[in-house]
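> Protein chains in written order, with the working numbering: chain E, 1 to 219; chain B, 1001 to 1213; chain F, 2001 to 2253.
Keep in mind that the hints are not guaranteed to be accurate.
[Stated by the list, open to error] Pairs of lysine-lysine residues, derived as DSS-like cross-links and limited to a Cα-Cα distance of at most 30 Å, are as follows:
#1 E:K47 to F:K2238
#2 F:K2084 to F:K2238
#3 B:K1077 to B:K1010
#4 F:K2024 to F:K2238
#5 F:K2084 to E:K47
#6 F:K2120 to F:K2084
[What the hints assert, rightly or not] Partial selection, computed: residues in chain B whose CB lies under 10 Å from chain E:
#7 L1006
#8 V1054
#9 R1056
#10 P1059
#11 P1060
#12 V1062
#13 F1065
#14 V1147
#15 S1153
#16 T1154
#17 V1155
#18 A1172
#19 F1182
#20 V1183
#21 Y1189
Since the hints were made in silico from the structure, they are not lab data.
Note that CB positions come from ideal geometry on N, CA and C, so glycine has one too.
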Amino acid sequence: MTELFSNWINWTPQLFKGLKVCLQLVGLAMLFGLPLGLGLALLSSAKSWVPRYLAVAAVEIGRGAPALVVLQMVYYGLPSAGLNVGAFAAGATALALTTGAYTSEILRAGLNAVPRREVEAGMALGMTQADIMRYVVIPQGILFAVPALMSFAILIFQATALAFTIAVPELLARAYRVGAATYLYLDVLILAGLLYLAVTIPFGWLVSWTERRLGSHLG
Amino acid sequence: MTELLLNLLKGVPYTLGVTIGAFVIGMIGGVPLVLMRRSSSRFLRWPARIYIDVMRGIPPVVWLFIIFFGLSSVLIKLSSFQAATIGLGLVSAAYLAEIYRGGFLALPKAQGEAAVALGMSHADILRYVMAPQVLQVSIAPMATFLVSLLKDSTVASTIGVRDIMMFGSQAAQASGGGYAPFVFAAALYIILSIPVAFFSRLMDERLRRSIGR
Amino acid sequence: MSETQPIVRLQDVNVSYGTYHAVKNVSLEIARGEVVAIVGPSGAGKSTLLRTINMLEHPSAGTLAVGDFRFALDHALPTEALLKLRRSTGMVFQSFNLFPHMTVQRNISLPQMRVLKRTKAEAELRTATLLERVHLADKAHSYPARLSGGQQQRIAIARALALDPQVMLFDEPTSALDPELGLEVLSVMRELAEDGMTMIVVTHEIAFAAEVADRLVVMANGEIIEEGSPKEVIRNPKSERTQRFFRAILDRH
């Protein structure tokens, strides 16, 4: 048993580096994916059918394609387009695209949750549709969407584990490498699991707390 | 191109096998879990909560690795298909238990009280009054979960299951790094998810009629 | 524009929802500084008519004139015209419709800055003046959720006034309020009327209408069935429908 713990202590530094990579991937995925999601959400409610159909198609495909498939597709696809950006960038891009597709639905729900009567008040005041969206609908829509977006962030964080298939040195990849070297697969994988939990469980508590706080602010 | 498609189709039985197998394990396993989760005894409640939070807090691919690489060297040797199905099944049980829990929370309290007043036993109340309604409310989220499980089944390829994803990767490597196989693979997954939507609406109608809503 | 020209004129306005004809050939003229109360049973088309004046409803026929603008209503109005129209009218809604994520001050200042292009300083000055006027100067930095219904409605009135409209439209302003809170709002409305604001008020508050309004308009089934000075209409209603309406109200008090 003590051997297990001393092994864990030895392995933690390198696994930690992998965890850092996972967090970087999530951060980038959300950073680029959320604006994409907002754009798609707005386009999918557009009046003219060209942007609307394109946006809806992009969202359905982005949500329908498994994350692993998107990862591989971007990893193999970018060099074909002449962009040799490396595995990490490819992984971040793929996750950002998936994030954009899923969050667009979450944000669309948030935007639709803004009461129509506030939009009417804006219209009665002579505000342009653009101003109404910018000052009344979008700020509240995003606020409504925050808990669901946070829950989604947990899922994307878990999806970063798939990046090992495109040779990104994240947590699972490093754990597997240690396992292959020591044949102590179970020990190191459990440690890796604990490191994942160290992020997902506290963040889950944060999500619940946020849900409660937001309920009272806008209620 | 048709050769590519035919190759991909070879993976369909495994994709569906893992998906449906895991879903069935999850559907069944979720039941004792949710009952424990709702129990008044903390010796039942806490293990259930821990199981659910831990299974949902660790990426499914890591669980597959733990079962396939980890347990195989220590306990029993499982085939990659078995490891994938069982692993995803255990994770699904956790998610489905939460879906069932949502169904219970949606029940009007008054019904339970009426049944108790009629003198029905707790087991009977559960079986005849609550369960059908929990099931009906849960059908839509279960269908959504099944679709996401179909997509998550791709992780099976990482431990060697010869599913759609695996054939796609092989095709891509063989053709020197094209992304076309993955486009087809994605399309195939999307197509496979369509029947689920229809099936879930069908089940919803059936249950609705039998409950009389 | 001459003093005698009406500031709002509706002619032969028709509004339909699908097959339901909500407003049937209604014509109405409102003079500058006049306070007109529109009453009638539910579903009479009162709110629909009011909301046609700032084009929140989509009429199918008729003409609308507000201030210097003249519109034919049988086709869609261009955006520029719509915005100009809505700048000259202010509307107060039954459910207040304040923006919950903004402070009271921002609720009132932002539209001024965006619609009238006032600077922040100008807008905040005007806001402060209006908050004084509705007796809520100390609430500038509160959020709407913290305020009572009566307070929220007074803020809503201030918000509409901040854009210096020519006409103020009130759509059942007190229907969602307890009687006490409603009194606060009605008293602000009375002050507004005394200051000479042109007001069109759809309301169930017959007593208020009798006291403050210059003219009472009674609608039923999408048409104006009677209009005149409040005292006349209430005491000697000419049509049978009007008589039934007022009798029902008297019975309930």
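> Enumerate the violated hints, using their earlier numbering and listing them in ascending order.
1, 2 and 7
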